[in-house]
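Engineer: Sequence:
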Amino acid sequence: MSAEQILAAYYGAFNRGDSAAMLELLTDDVVHEPSQGAVRHGKAAFAEFLDHMNRCYKERVIDPVFLSDAEGGRAAAEFQLEGVYLQTDGDLPPARDQRYALRVGAFFELRGGRIARVSNHYNLADWLAQVSAG
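So in the working numbering, the last one in the sequence shown is 134, and the numbering has no gaps at all.
Since the hints were made in silico from the structure, they are not lab data.
Any given hint could be a false lead.
Said to hold, decoys possible - For each label pair, taking beta carbons as the anchor points, the in silico distance ranges come out as:
1) Arg60 <-> Ser2: 19 to 29 angstroms
2) Pro34 <-> Ala129: 16 to 26 angstroms
3) Glu82 <-> Ala45: 41 to 51 angstroms
4) Ser132 <-> Arg74: 19 to 29 angstroms
5) Gly73 <-> Ala129: 33 to 43 angstroms
6) His41 <-> Arg74: 17 to 27 angstroms
7) Gly72 <-> Ser132: 32 to 42 angstroms
8) Met1 <-> Asp63: 18 to 28 angstroms
9) Ser132 <-> Gly112: 15 to 25 angstroms
10) Gln80 <-> His52: 14 to 24 angstroms
The beta carbon of each residue, even a glycine, is placed where N, CA and C say it ideally should be.
Generate the whole structure from the sequences, applying the supplied hints.
Structural biologist: Structure (structure tokens):
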């Protein structure tokens, strides 16, 4: 699969809520660099992250655009993320089924036809304003 096909499969699984399919696309030593928070190492840590996110949020990727380098070792995605805040997440504002929309950029390292690094970037202040107002 090309880098773009791998990312399309990853976000397709995301939109279906299919964590197992997402995890199949990752290397065992995947590195997850969230926009805020600590870096996670390994597929098990990423699986825990997905479980947490699925409890607290219902999200959908809209209109993703994928880019990759000529060798297919690095790639990026830009998309609109639409979501519902389902369950209060730690010290964040209380969840009351607030809807939100964010522009997200994600960067990937690919190795052996799998995702070895995921770095997500979005505007947390914008998200906080949306869920606080909602």
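Engineer: With reference to the structure, classify each hint as holding or not holding.
Structural biologist: For each hint, the structure was consulted:
1. Checked against the given bound of 19 to 29 angstroms, the beta carbons of Arg60 and Ser2, roughly 24 angstroms apart, stay inside it.
2. The hint said 16 to 26 angstroms for the Cβ distance between Pro34 and Ala129, and at roughly 19 angstroms that hint holds.
3. Between Glu82 and Ala45 the Cβ separation comes to about 26 angstroms, which falls outside the hinted range of 41 to 51 angstroms.
4. Between Ser132 and Arg74 the CB atoms are about 36 angstroms apart, so this pair departs from the stated range of 19 to 29 angstroms.
5. Restraint check, Gly73 to Ala129: a C-beta distance of roughly 37 angstroms satisfies the suggested window 33 to 43 angstroms.
6. Between His41 and Arg74 the C-beta distance comes to about 19 angstroms, which sits within the given range of 17 to 27 angstroms.
7. Look at Gly72 against Ser132: about 41 angstroms separates their beta carbons, and that is inside 32 to 42 angstroms.
8. As the Cβ distance of Met1 to Asp63 is approximately 21 angstroms, the hint placing it in 18 to 28 angstroms holds.
9. Between Ser132 and Gly112, the C-beta spacing of about 43 angstroms breaks the proposed range 15 to 25 angstroms.
10. Look at Gln80 against His52: about 22 angstroms separates their beta carbons, and that is inside 14 to 24 angstroms.
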